[in-house]
Amino acid sequence: MGSQELTGNPGHHAEAVAAQESVWSGGGSPYAIGSKKLGMWLFIVSDAITFSALLMAYSYVRVASADWPTPFHFYPSIIKATVMTFFLLSSSVTMVMAVRAAKLGERSSAARWIGATMFCGLAFIALHALEWRELIHEGVRLFQNPWGSPLFGASFFTLTGLHMTHVAVGVIYLGTIATLFRTGRLDSEDVEISGLYWHFVDLVWMFIFPLVYLLSVKMG
Amino acid sequence: MSEAQVRTHESGSRKLFLYVWFWLLALTGVEVFLAYERLGVKLMLTLLMGLSVIKASLIISYFMHLRYEKRSLVLTLMPAMVFVIVLLFAFFPDSLRLLEMRPR
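One line per chain: the protein sequences are A and B, in this order.
When the letters of the first sequence are read in order and numbered with our numbering, they come out as residues 1 to 220.
When the letters of the second sequence are read in order and numbered with our numbering, they come out as residues 221 to 324.
Check each hint, because a few of them may be wrong.
To be verified - When the alpha-carbon atoms are kept at most 27 Å apart in a straight line, the in silico DSS-like pairs for lysine-lysine are as follows:
| no. | chain 1 | residue 1 | chain 2 | residue 2 |
| --- | --- | --- | --- | --- |
| 1 | B | Lys290 | B | Lys235 |
| 2 | A | Lys36 | A | Lys103 |
| 3 | A | Lys103 | B | Lys262 |
| 4 | B | Lys290 | A | Lys218 |
| 5 | B | Lys235 | A | Lys37 |
If you're looking for bench data, these hints aren't it; they were derived computationally from the structure.
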């Protein structure tokens with residue numbers, strides 16, 4: 001690809017450029033994204049399938065059971081879960097702003113936006129931990145609860161626990177990226193890739209929230 | 221890159237992102253409202269899942285930037301993922317069988 005330019009033959013330069021621009025002449029990146037970004041996308045697809053399998057398992061046992069509890073009162077449970085959803089959706093917007101700032105080369109601004117994203121993520125985890133504590137206090141365990149099918153606790157804690165772990169790992173990941181990006185050791189592509197992971201975590205919640213919470217509201 | 225380049229180059233503008241965010245919140249509100257309507261299970265599930273898929277599409281297209289990536293990337297990632305997830309639905313008849321087999 002570059003050999004014709006190296007020979008310093010100006011007449012063939014246009015040809016060389018044309019050949020370089022052909023997808024099939026090699027040297028280009030498949031899908032026109034870097035390998036790191038492609039790697040993150042492939043991971044996201046696999047993780048999405050993992051969560052889908054868990055959601056399917058939850059749906060399976062729920063459909064098959066005759067006594068699934070619907071214990072979530074509007075106050076405090078559904079309100080809290082809705083606020084948690086608000087925090088995650090907002091964190092996605094702050095992340096998108098962070099990526100935008102990173103692409104513009106504004107390192108401290110990007111780091112601040114990532115900080116806002118991390119704050120929203122931590123707020124989500126805090127509310128979630130409080131909710132877990134309340135449920136455990138009311139007697140919900142992995143394989144028993146005072147209300148109905150013993151599998152309620154198993155599916156609830158597995159789904160929300162795995163998701164919460166993803167959020168926590170994401171907060172640490174983002175903190176690392178923010179620090180390294182601000183000090184110039186990473187570039188904007190790395191910020192963008194961490195953004196992809198973060199949006200994925202938000203995406204999973206878009207399905208957990210209706211399937212686990214909204215389908216189990218306590219009807220007045 | 222200048223602000224103008226970022227805007228026109230290959231991503232949405234700030235206004236677009238806030239617009240998407242607003243719609244995500246609005247759709248969430250609709251979902252919470254629907255949860256308290258007394259609808260049949262199938263209808264409720266269809267509506268909730270339909271709304272969630274719309275929200276997911278908004279996030280994937282605009283926040284995760286897939287709308288602005290090469291079509292070949294979208295076609296490599298999305299159809300196979302959707303197909304595998306839909307394949308999981310094959311288990312539902314079995315769970316319905318379990319439900320019907322329960323002693324009453």
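Verification of the hints:
| no. | hint | in the structure |
| --- | --- | --- |
| 1 | B:Lys290 - B:Lys235 | holds (23 Å) |
| 2 | A:Lys36 - A:Lys103 | holds (16 Å) |
| 3 | A:Lys103 - B:Lys262 | violated (45 Å) |
| 4 | B:Lys290 - A:Lys218 | violated (45 Å) |
| 5 | B:Lys235 - A:Lys37 | holds (25 Å) |
The structure shown violates the earlier hints numbered 3 and 4.
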